[in-house]
Every structure is written in C-alpha cells, then in structure tokens.
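Enquirer: When you get a sec, could you build the whole thing from the sequences and use the hints?
There are 2 protein chains.
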Amino acid sequence: MDPHIASVPLDKATRLLNHGPTVLVSARHDGVDNVMAAAWACALDYTPPKLTVVLDKIAKTRELVEQSGMFVIQVPTAAQLELTYQVGHRSLSSEPEKLADSGVELFAMDGHDMPFVAGCSAWLVCKVLSELHNQQAYDLFIGEIVGAWADTRVFKDGHWHFESADPCWRSLHYIAGGHFYATGDALDVDTGPRG
Amino acid sequence: MDPHIASVPLDKATRLLNHGPTVLVSARHDGVDNVMAAAWACALDYTPPKLTVVLDKIAKTRELVEQSGMFVIQVPTAAQLELTYQVGHRSLSSEPEKLADSGVELFAMDGHDMPFVAGCSAWLVCKVLSELHNQQAYDLFIGEIVGAWADTRVFKDGHWHFESADPCWRSLHYIAGGHFYATGDALDVDTGPRG
Chain A
1 MDPHIASVPL
11 DKATRLLNHG
21 PTVLVSARHD
31 GVDNVMAAAW
41 ACALDYTPPK
51 LTVVLDKIAK
61 TRELVEQSGM
71 FVIQVPTAAQ
81 LELTYQVGHR
91 SLSSEPEKLA
101 DSGVELFAMD
111 GHDMPFVAGC
121 SAWLVCKVLS
131 ELHNQQAYDL
141 FIGEIVGAWA
151 DTRVFKDGHW
161 HFESADPCWR
171 SLHYIAGGHF
181 YATGDALDVD
191 TGPRG
Chain B
1 MDPHIASVPL
11 DKATRLLNHG
21 PTVLVSARHD
31 GVDNVMAAAW
41 ACALDYTPPK
51 LTVVLDKIAK
61 TRELVEQSGM
71 FVIQVPTAAQ
81 LELTYQVGHR
91 SLSSEPEKLA
101 DSGVELFAMD
111 GHDMPFVAGC
121 SAWLVCKVLS
131 ELHNQQAYDL
141 FIGEIVGAWA
151 DTRVFKDGHW
161 HFESADPCWR
171 SLHYIAGGHF
181 YATGDALDVD
191 TGPRG
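Residue numbers (my numbering), protein chains in the order written: chain A, 1 to 195; chain B, 1 to 195.
Hints in this document: simulated from the structure, not taken from any laboratory. Keep in mind that a hint or two might mislead.
If several chains are the same, the list does not tell them apart, and a pair holds so long as it fits within one copy or across any two.
[To be verified] Heads up, simulated DSSO-like pairs for lysine-lysine below, C-alpha to C-alpha not over 27 Å straight-line:
#1 12 / 57
#2 98 / 127
#3 57 / 127
#4 57 / 156
#5 60 / 12
Remember, it's a predicted structure, so these values are computed and weren't measured experimentally.
Expert: Following this line, the structure appears as structure tokens:
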C-alpha cells in the first residue's frame with residue numbers, strides 16, 4: 001500500500017466529509033468495477049459512523065452497490081478535476097472503457113475486495129444499511145462506514161491540513177456544468193471561555 | 001425586502017447547496033423561533049427539489065420543525081463565521097437569549113411566516129416530507145424546497161459568483177471544534193466536444 005495512506009479512526013471518519021466535498025463512489029460486483037461522481041453525499045452519524053449518498057436509478061454503479069451491498073466513497077482532489085468530471089459524465093453502459101478513458105487507476109486496500117481510486121485524499125468503505133423505501137422513493141442510500149483511510153500529506157492526526165498542503169490536494173465542490181470550487185482558506189473561531 | 005434578495009427558480013434551487021456548505025436551520029412554532037447550525041445538509045432531488053438535513057434529538061430547533069412541519073435552510077457567509085459557531089454551540093433551552101446573544105437578526109419574506117436569518121447568501125423554505133422511520137432511526141429529515149432566494153451580490157442568474165464577489169460572501173464548510181474552511185477558487189473543466 002502507498003506509504004502515504006494511513007487508516008483513520010472510525011470516530012473521526014465523518015471529518016473526511018464534513019466540508020461537503022464532491023465524492024467518487026465506486027463499487028464492484030461479479031468482476032465488474034465502476035466509479036461515478038456524486039455531489040450529493042453527506043455524513044449522517046458519528047457512532048457507528050454513517051453517511052448518505054444519492055445514486056440515480058440510471059447509474060450503473062448503483063446496480064453494483066445493490067448487488068454487492070458495499071461501496072467506497074472517496075474524496076477526489078483538485079488534481080483530479082478532469083477525472084471527476086469524466087466519471088460523472090461518462091457511462092459504463094455505453095462506454096466499456098470508461099474508467100481507463102477517464103484516467104482512473106484502481107488499487108486494493110488490505111482486507112477489502114473493493115475498487116479504490118488512486119490519487120484521492122480519503123477513502124471510506126461502506127456497507128449498505130438496506131432501506132428499500134429510501135432507495136426506491138428517493139434514490140437515497142445509507143452506508144455504515146466500516147473502514148476509513150486518508151493520505152497523510154493532507155489529512156493527519158484527525159485533521160485536514162489544506163492550508164499547509166500543496167493546493168493540488170484541495171477538495172472539489174461541484175456546482176453544475178463543468179463548474180467546481182476548490183476548498184479554500186481556513187477560518188477559525190476562538191473557542192476559548194465565553195465572556 | 002432587501003433589494004439585493006431575489007427569488008431563485010425552484011429548478012435551480014439545489015445549486016445553492018451543491019458545494020456542500022454548512023447551513024443554518026431555522027424554524028418557528030407557536031411564537032418560538034430558533035436557529036441552529038448543521039454541517040450535515042445535502043441536496044436530494046431536482047424536481048420537485050428536495051434536501052436532507054440531520055437534526056439531533058436534543059436540538060430545540062428539531063422540536064419546532066416537528067411541530068410546524070416547516071423549516072428554512074440558509075447558507076451563512078464567511079462574515080457570519082462567529083454567528084454560525086455560536087448558534088451551533090448554544091442552546092435555546094438553557095439560553096433564552098441565544099439568538100440575540102449570537103448576533104442573529106431575523107427578517108420576513110413575503111408570504112412565508114418563517115424566521116429568515118439576515119445576512120446569509122441564500123435561503124430555502126422547506127416543507128417536511130414526513131418519514132418517521134428516518135426521523136427516529138437516523139435523525140434524518142427530508143424537506144421539499146417550496147421557495148428559494150439568494151443575495152444577488154453572490155448568486156445571480158442561476159450561478160454563484162464567489163470568484164468576483166467580496167471574500168466575505170464565501171460559504172463556510174465546517175470540520176470540527178472551531179475549524180471551518182471557506183469556499184475557495186473556481187475550477188472549470190472544458191466541457192466542449194469530446195475527442
């Protein structure tokens with residue numbers, strides 16, 4: 001495994017998503033891997049950590065999630081802007097070479113038979129908590145986070161370090177079309193005793 | 001109404017949340033108003049537009065949402081950093097003057113008997129789509145967006161203009177403790193014809 005990748009304690013896992021980044025969702029079933037982009041993913045709970053993600057019925061990745069009951073949420077970086085846009089706009093159904101054509105390289109994490117996207121800043125392996133009404137009525141999936149990792153060049157000791165890392169590590173925040181914003185400056189409130 | 005505030009077409013309303021900002025949730029019932037901060041809010045659907053928000057059982061605002069069936073999601077700005085932190089860490093139950101002490105000024109929007117927080121960049125009035133299982137098991141509320149507005153100094157013609165607006169208009173992205181990031185630089189993908 002890449003020596004820069006370190007596991008993140010599960011009780012800190014939601015911090016990887018708190019800033020609202022656009023994520024990549026990947027899944028594997030029966031020898032098929034796919035990766036999609038999702039702007040609509042969000043932390044849901046701390047203990048055990050959970051998240052929500054919206055997966056449209058036309059998404060091939062959704063089929064793989066439903067079949068395998070597992071998925072990976074990963075946080076792409078500014079360096080992966082083009083990759084993120086491409087996996088969000090190409091479909092594996094019509095483009096069998098979607099992943100290669102989008103520049104996606106997959107890697108393995110020990111003990112998890114899942115497709116992890118190389119070059120991201122964080123990875124969250126999730127087990128689907130089956131909620132068929134939400135899935136059918138709202139395309140809303142709930143995942144329990146069962147493993148979390150981050151690249152220590154940007155997330156270390158339970159904290160993001162965007163302010164000191166190279167700007168290429170900033171997260172992406174999708175708006176529409178080809179338009180994103182990067183995560184910006186740190187803003188800190190003085191949390192000392194209140195007057 | 002403030003001449004800078006303009007309504008946003010409902011089919012563009014999710015753009016106000018796509019970049020994953022920390023939001024303020026406000027609600028009113030039986031003469032009581034409250035405002036809380038929530039990092040866990042997310043768009044859910046385009047038509048009709050919907051969103052999700054996690055409201056903990058200890059939150060007084062949640063009671064008002066459950067009683068009235070309505071809430072407002074608003075997007076605070078970097079200029080409201082301290083306000084956002086304060087409404088997220090003070091409780092109306094123990095501090096009756098929470099809103100005034102946190103610097104919150106409420107205003108009215110024509111036709112909506114709801115508490116809107118002045119100085120935000122965007123406002124979304126939501127009607128609770130009652131899903132008792134989600135609310136009880138996950139503290140997860142689904143709202144249908146029935147009205148949307150933005151301050152035209154930062155969101156106009158269906159687009160955020162963070163790159164040209166004063167930095168005080170940037171959105172906030174909460175991590176933990178007193179630590180936030182502002183929305184950062186625009187990143188654009190060339191969406192022209194693919195080769």
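Enquirer: Output the indices of the hints that this structure fails to meet, ascending.
Expert: 4
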